[in-house]
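Here's the letter readout for the chains.
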Amino acid sequence: MKNEWPLWEIFIRGQHGMSHRHVGSLHAPDAEMAIKNARDVYTRRNEGVSIWVVEANHISASSPSDKGPLYEPSESKVYRHPTFFDIPEEVGAM
Amino acid sequence: MYAQMIKSEATQDDPEKLAAFQARIDAGEKIEPKDWMPEGYRKTLIRQIGQHAHSEIVGQLPEGNWITRAPTLERKAILLAKVQDEAGHGLYLYCAAETLGVSRDEITEMLLDGRMKYSSIFNYPTLNWADIGAVGWLVDGAAIMNQVPLQRTSFGPYSRAMIRICKEESFHQRQGYDAIRKMAEGTPEQKKMAQDALNRLWYPSLMMFGPSDKDSVHSAQSMKWKIKMNTNDELRQKFVDQTVPQAEYLGLTVPDENLKWNEERGHYDYTDPDWSEFFDVIQGNGPCNVDRLADRNKAWDDGAWVRDGLLAHAKKKAARQHAAE
Ligand SMILES: [Fe+2]
Ligand SMILES: [Fe+2]
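As they're listed, the protein sequences go chains D and B.
My numbering numbers the first residue of the first sequence as 142 and each following residue consecutively.
My numbering numbers the first residue of the second sequence as 7 and each following residue consecutively.
I should point out that these hints are in silico values taken from the structure, not numbers from a laboratory.
Just so you know, not all the hints are guaranteed correct.
[To be verified] Cross-link-like lysine to aspartate or glutamate pairs, in silico, DMTMM-like; alpha carbons within 20 Å at most:
id, chain 1, residue 1, chain 2, residue 2
1, B, Lys323, D, Glu145
2, B, Lys323, D, Glu196
3, B, Lys323, D, Glu173
4, B, Lys49, B, Glu115
5, B, Lys188, B, Asp202
6, B, Lys322, D, Asp171
7, B, Lys321, D, Asp171
8, B, Lys244, B, Glu254
9, B, Lys23, D, Asp207
10, D, Lys208, B, Asp41
11, B, Lys321, D, Glu196
12, B, Lys322, D, Glu173
13, B, Lys304, B, Glu112
14, B, Lys82, D, Asp181
15, B, Lys40, D, Glu150
16, B, Lys13, B, Asp219
17, B, Lys232, B, Asp19
18, B, Lys13, B, Glu240
19, D, Lys208, B, Glu35
20, B, Lys322, D, Glu145
21, B, Lys220, B, Asp239
22, B, Lys13, B, Asp286
23, B, Lys266, B, Glu254
24, D, Lys208, B, Glu38
25, B, Lys198, B, Glu254
26, B, Lys232, B, Glu45
27, D, Lys177, B, Asp314
28, B, Lys322, D, Glu196
29, B, Lys173, D, Asp181
30, B, Lys321, D, Glu173
31, B, Lys304, D, Glu145
32, B, Lys36, D, Asp207
Sequences are here, hints too, so could you generate the full structure?
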């Protein structure tokens with residue numbers, strides 16, 4: 142642990158027009174090296190057109206035990222989905 | 007396999023939590039690093055993923071041995087790409103292990119001082135070019151057998167690492183088969199080399215799946231937790247059934263007098279490897295154990311100044327930036 146390089150989370154945009162997606166992590170001394178290493182570790186087969194790196198300890202995450210309170214409120218609001226509403230066939234596509 | 011004889015750790019947790027945990031696994035849910043998990047699950051996984059990662063890294067050594075002596079520039083480039091993939095596999099897996107609360111340095115040091123193992127197969131030498139073909143064909147072939155079902159393992163980061171790895175493994179096995187096929191179809195002398203490689207690597211490849219089920223006492227808990235998906239003998243049988251026709255196509259003979267198709271079982275009957283040799287290799291007495299560990303230790307020690315230097319440079323740069331702001 143004494144002199145370990147920090148851990149970086151790696152995000153890659155797979156194709157133009159897509160969002161960056163988390164693909165994994167790696168150790169590197171700084172952001173520049175993290176990007177270089179990410180190129181070698183995660184894009185050896187054309188997997189990406191853009192790389193983001195974020196030092197892992199800068200990421201804040203929701204806690205798994207908050208799952209209920211965080212997501213339960215959205216479960217009861219079925220009217221947020223378009224299928225909640227019946228539209229007469231005669232009206233056509235909507 | 008790449009992880010052999012992983013002993014499941016005993017678990018002394020709240021029975022209610024344990025039952026809820028098991029129910030999640032039975033329902034096919036993935037366990038993520040921040041979720042509650044039994045201590046035994048966590049410890050067993052660190053050992054298993056760690057051993058798997060170490061195998062990917064140490065496994066580069068027998069193949070790296072032939073990069074500079076590959077017979078053509080194309081074979082050299084292919085082997086280089088294959089070995090680079092294995093480094094990547096090691097890294098994906100180390101990161102998966104680290105999510106369980108072990109640091110990269112800790113886990114590396116456990117390999118270097120012998121507290122953690124790597125697959126027995128990498129303690130056998132690669133004596134000539136035919137061995138490189140045989141390693142891709144048989145060793146990566148055996149690894150695939152085990153890694154494909156592990157894509158469905160219960161621990162999320164392990165499963166995701168396996169999915170990435172499996173995407174890359176098929177190239178490994180095919181380039182190996184292609185290389186040994188070239189030799190099997192070459193001059194009589196080349197064919198002899200191919201046969202000799204198969205003779206030497208057949209039983210060590212069968213050993214990769216670990217001891218026979220009747221001697222494999224730690225499987226039940228791991229299978230319940232879905233960190234082991236099949237028994238050792240199941241996978242070994244599958245490997246034999248798949249590989250024998252591939253050898254026949256090459257005109258090579260599997261070095262097993264008792265090998266024959268069993269109509270009734272729908273499988274090949276085959277001879278088990280010499281388990282005393284397997285345990286001996288695991289104990290550190292294989293032909294290359296000492297060399298492999300010495301090589302890894304040397305790489306770690308020789309690289310220390312690079313790791314320290316780059317970190318010092320990064321800190322200095324950050325401090326300068328901070329001062330300028
Ligand atoms: Fe691999
Ligand atoms: Fe491989």
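Comparing the hints with the structure gives:
With a CA separation close to 17 Å, the supplied pair Lys323 (chain B) and Glu145 (chain D) stays within the 20 Å bound. Restraint check: the Cα-Cα separation between Lys323 (chain B) and Glu196 (chain D) comes to about 16 Å, which is no more than 20 Å; the hinted pair holds. Simply put, Lys323 (chain B) and Glu173 (chain D) have alpha-carbon atoms about 12 Å apart, close enough for the 20 Å limit, and the pair holds. Distance check on the hinted pair: Lys49 (chain B) and Glu115 (chain B) sit about 17 Å apart at the alpha-carbon level, within 20 Å; holds.
At roughly 15 Å between alpha-carbon atoms, Lys188 (chain B) and Asp202 (chain B) fall within 20 Å of each other, so this suggested pair holds. Restraint check for Lys322 (chain B) and Asp171 (chain D): satisfied, since their Cα atoms lie roughly 11 Å apart, inside the 20 Å limit. Using a Cα cut-off of 20 Å, the hinted pair Lys321 (chain B) and Asp171 (chain D) holds, with the two alpha carbons roughly 9 Å apart. Taking the CA atoms of Lys244 (chain B) and Glu254 (chain B), the gap is near 16 Å; set against the 20 Å cutoff, the hint holds.
For the hint linking Lys23 (chain B) to Asp207 (chain D), the alpha-carbon distance of about 17 Å falls within 20 Å, and the restraint holds. A threshold of 20 Å between alpha carbons decides the hint, and for Lys208 (chain D) with Asp41 (chain B) the separation of about 11 Å falls inside it, so the pair holds. Distance hint between Lys321 (chain B) and Glu196 (chain D) is fulfilled; the C-alpha atoms sit about 14 Å from each other, no more than 20 Å. The straight-line distance between the Cα atoms of Lys322 (chain B) and Glu173 (chain D) is roughly 14 Å, inside the 20 Å bound, and the hint therefore holds.
For a cut-off of 20 Å, the pair hint linking Lys304 (chain B) to Glu112 (chain B) stands: about 17 Å separates their Cα positions. Straight-line distance between C-alpha atoms of Lys82 (chain B) and Asp181 (chain D) comes to about 18 Å, which keeps the hinted pair within the 20 Å bound. At roughly 16 Å between alpha-carbon atoms, Lys40 (chain B) and Glu150 (chain D) fall within 20 Å of each other, so this suggested pair holds. Between Lys13 (chain B) and Asp219 (chain B), the direct Cα distance comes to roughly 14 Å. Compliance with the 20 Å bound is thereby established for this hinted pair.
With a CA separation close to 18 Å, the supplied pair Lys232 (chain B) and Asp19 (chain B) stays within the 20 Å bound. A C-alpha spacing of about 19 Å is found between Lys13 (chain B) and Glu240 (chain B), which places the hinted pair at or below 20 Å, so the restraint holds. Taken as a hint, the Lys208 (chain D) and Glu35 (chain B) pair is honoured in the structure, with Cα atoms around 15 Å apart against an allowance of 20 Å. Using a Cα cut-off of 20 Å, the hinted pair Lys322 (chain B) and Glu145 (chain D) holds, with the two alpha carbons roughly 16 Å apart.
Between Lys220 (chain B) and Asp239 (chain B) the alpha-carbon distance is near 9 Å, which keeps this suggested pair within the 20 Å criterion. Straight-line distance between C-alpha atoms of Lys13 (chain B) and Asp286 (chain B) comes to about 18 Å, which keeps the hinted pair within the 20 Å bound. With a C-alpha separation of about 12 Å, the suggested pairing of Lys266 (chain B) with Glu254 (chain B) holds against the 20 Å cut-off. Proposed proximity of Lys208 (chain D) and Glu38 (chain B) is supported: the alpha carbons are some 13 Å apart, at most 20 Å.
Of the pairs offered as hints, the one joining Lys198 (chain B) and Glu254 (chain B) holds, with about 15 Å between alpha carbons and a cut-off of 20 Å not exceeded. Pair hint Lys232 (chain B) plus Glu45 (chain B) holds up; C-alpha atoms about 15 Å apart against a cutoff of 20 Å. About 18 Å separates the Cα atoms of Lys177 (chain D) and Asp314 (chain B), which keeps this hinted pair within 20 Å; it holds. The straight-line distance between the Cα atoms of Lys322 (chain B) and Glu196 (chain D) is roughly 17 Å, inside the 20 Å bound, and the hint therefore holds.
Restraint check: the Cα-Cα separation between Lys173 (chain B) and Asp181 (chain D) comes to about 16 Å, which is no more than 20 Å; the hinted pair holds. Under the criterion of a C-alpha separation no larger than 20 Å, the hint pairing Lys321 (chain B) with Glu173 (chain D) is consistent with the structure, at around 13 Å. Distance check on the hinted pair: Lys304 (chain B) and Glu145 (chain D) sit about 18 Å apart at the alpha-carbon level, within 20 Å; holds. Of the supplied pair hints, the one linking Lys36 (chain B) and Asp207 (chain D) holds, its CA atoms being roughly 17 Å apart against a limit of 20 Å.
Checked against the numbered hints given earlier, this structure breaks none of them.
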